[in-house]
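**Q** From just these sequences and the hints, can you work out the full model?
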Amino acid sequence: METYALRVTLFDVEPPVWRELRVPAGLPLTDLHYALQAAMGWDDAHLYTFGRGERTWRDAHPDLPLEEDGATDVEDGVVADVLERGGEPATYLYDYGDRWEHELTLVALTPDGEPRAVSVPHLDAGEGACPPEDSGGAHGYERLVADGVFDGVDALDPFSLDGAARRVRLQAAPEPPLRPAVAAVLRQAPWRGPGSMFEQVRVAAELVDRSLDTRDCIDLTVHLRWFLAYLGPGGVPLTAAGYLKPADVVALAEELELSREWIGKMTREDSTPPIGQFRELVRRLGLARAFRGRMVCTKLGDRLVNDPVGMVELLVERLPWGDDEPGVAASTLTLIDLAALPHQTPDGNRYQQLNDRDARIQLGMESLRWELVGGDPGLALRSTIRTTVALLTRTDSLRPSDRGFDWHPTPAGRRLVATILGIVPLV
9 METYALRVTL
19 FDVEPPVWRE
29 LRVPAGLPLT
39 DLHYALQAAM
49 GWDDAHLYTF
59 GRGERTWRDA
69 HPDLPLEEDG
79 ATDVEDGVVA
89 DVLERGGEPA
99 TYLYDYGDRW
109 EHELTLVALT
119 PDGEPRAVSV
129 PHLDAGEGAC
139 PPEDSGGAHG
149 YERLVADGVF
159 DGVDALDPFS
169 LDGAARRVRL
179 QAAPEPPLRP
189 AVAAVLRQAP
199 WRGPGSMFEQ
209 VRVAAELVDR
219 SLDTRDCIDL
229 TVHLRWFLAY
239 LGPGGVPLTA
249 AGYLKPADVV
259 ALAEELELSR
269 EWIGKMTRED
279 STPPIGQFRE
289 LVRRLGLARA
299 FRGRMVCTKL
309 GDRLVNDPVG
319 MVELLVERLP
329 WGDDEPGVAA
339 STLTLIDLAA
349 LPHQTPDGNR
359 YQQLNDRDAR
369 IQLGMESLRW
379 ELVGGDPGLA
389 LRSTIRTTVA
399 LLTRTDSLRP
409 SDRGFDWHPT
419 PAGRRLVATI
429 LGIVPLV
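Heads up: the sequence shown at position 341 corresponds to 349 in the numbering used here, and the numbers run straight through without jumps.
Just so you know, the hints here were simulated from the structure itself, not pulled from any lab data.
Note that the structure is predicted; figures quoted are calculated from it, not measured.
One thing to keep in mind: the hints can contain errors.
[Claimed, not checked] Simulated restraints on C-beta separations:
no., residue 1, residue 2, range
1, Pro281, Asp332, 21 to 27 Å
2, Ser391, Gly250, 19 to 25 Å
3, Glu325, Pro241, 24 to 30 Å
4, Glu263, Gly144, 54 to 60 Å
5, Thr113, Glu288, 16 to 22 Å
6, Arg411, Val244, 27 to 33 Å
7, Leu74, Asp332, 33 to 39 Å
8, Ala191, Arg292, 18 to 24 Å
9, Ala191, Asp20, 39 to 45 Å
Ideal Cβ placement from N, Cα and C applies to all residues, glycine included.
**A** This is the structure:
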């Protein structure tokens with residue numbers, strides 16, 4: 009299959025914005041769309057149309073049937089349909105409101121097997137950053153610039169060839185395997201382009217180094233197995249109010265090293281939230297429960313107390329979890345967010361990291377059209393994902409910091425989350 013070298017130019021924008029890509033001649037137009045979105049820096053938030061002469065290719069939208077303007081379904085077209093050797097340039101219209109028009113010019117053909125031939129899109133060069141989405145098209149953007157709207161603000165991200173090339177590569181990468189519950193959430197996502205959940209799982213697949221091994225399983229389950237062993241065959245007595253007794257709270261707090269994340273005396277479960285969250289975690293996993301005034305292991309807990317691999321299998325089986333569909337979606341987005349974080353140490357303090365995390369997850373929930381029940385959206389989200397975060401914390405999947413844990417995975421934590429998502433198999 010021949011390789012087409014394309015030059016893509018955004019019309020009527022100064023300074024000029026252009027890209028040069030190589031793509032297979034048989035690349036579906038839907039995949040060319042994703043490559044162009046990634047290369048240009050758009051958000052894949054609007055409809056689009058390819059055109060050549062009198063012909064057009066676009067999505068079959070319920071409000072705009074293909075028969076209405078004689079367009080061809082974009083899923084039936086490939087690159088070679090819109091670009092021909094010696095033919096006129098093609099067009100790519102993005103966003104029917106702002107009408108960002110791009111010219112696509114065929115500049116070179118490379119036979120299959122030659123060094124510059126490609127099997128997936130590849131970004132070679134470019135200059136200029138695209139205007140912000142929804143800025144009114146070329147003329148609206150020109151007025152905003154003239155009015156100084158963007159002076160001194162970060163609305164215009166500088167163009168990075170390396171960053172754009174990576175996004176193009178991620179869009180072309182095969183979708184990693186996902187567990188059914190995770191795939192079901194992603195199927196609800198309205199877009200698949202740059203910044204989407206689909207891109208995040210591809211990033212996560214790139215970042216994870218390998219599957220979990222036995223050593224990882226031992227380390228990830230050390231606190232859970234300690235607690236089950238501490239309960240022993242007969243369990244431990246609870247207070248009249250159903251809480252762990254002070255001596256047991258102290259022992260568990262020491263095992264979890266709560267002094268680095270909780271201030272004050274840690275002798276009462278009802279005044280030490282991490283203890284209550286840990287109890288909720290083991291209950292939800294089915295490892296222990298309150299029974300006749302005692303905290304006791306379940307049959308499952310008895311079976312897994314000395315089986316770290318089996319316990320990790322349980323974690324993978326139970327997550328993502330939630331009390332309803334929005335809860336499962338929030339848990340899934342939380343896991344994807346952590347798995348896609350880069351290897352380098354995160355910027356900002358722990359509170360800024362958590363606020364940024366919540367903002368990303370909220371954006372994902374909004375894109376899925378899910379709304380969590382509760383007053384403040386931020387508080388509702390944290391309440392919903394609390395047990396998911398507790399599991400990540402108590403499996404030492406998060407990097408420790410001076411005041412608790414950074415929102416950043418340990419190497420074993422990254423492998424665990426990738427396994428829960430289905431990106432890597434549990435070996």
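**Q** Now, for every hint given, state plainly whether the structure supports it.
**A** Each hint, compared with the structure:
no.	hint	verdict
1	Pro281 <-> Asp332: 21 to 27 Å	23 Å, holds
2	Ser391 <-> Gly250: 19 to 25 Å	21 Å, holds
3	Glu325 <-> Pro241: 24 to 30 Å	25 Å, holds
4	Glu263 <-> Gly144: 54 to 60 Å	58 Å, holds
5	Thr113 <-> Glu288: 16 to 22 Å	60 Å, violated
6	Arg411 <-> Val244: 27 to 33 Å	30 Å, holds
7	Leu74 <-> Asp332: 33 to 39 Å	37 Å, holds
8	Ala191 <-> Arg292: 18 to 24 Å	23 Å, holds
9	Ala191 <-> Asp20: 39 to 45 Å	41 Å, holds
Checked against the numbered hints given earlier, this structure breaks only hint 5.
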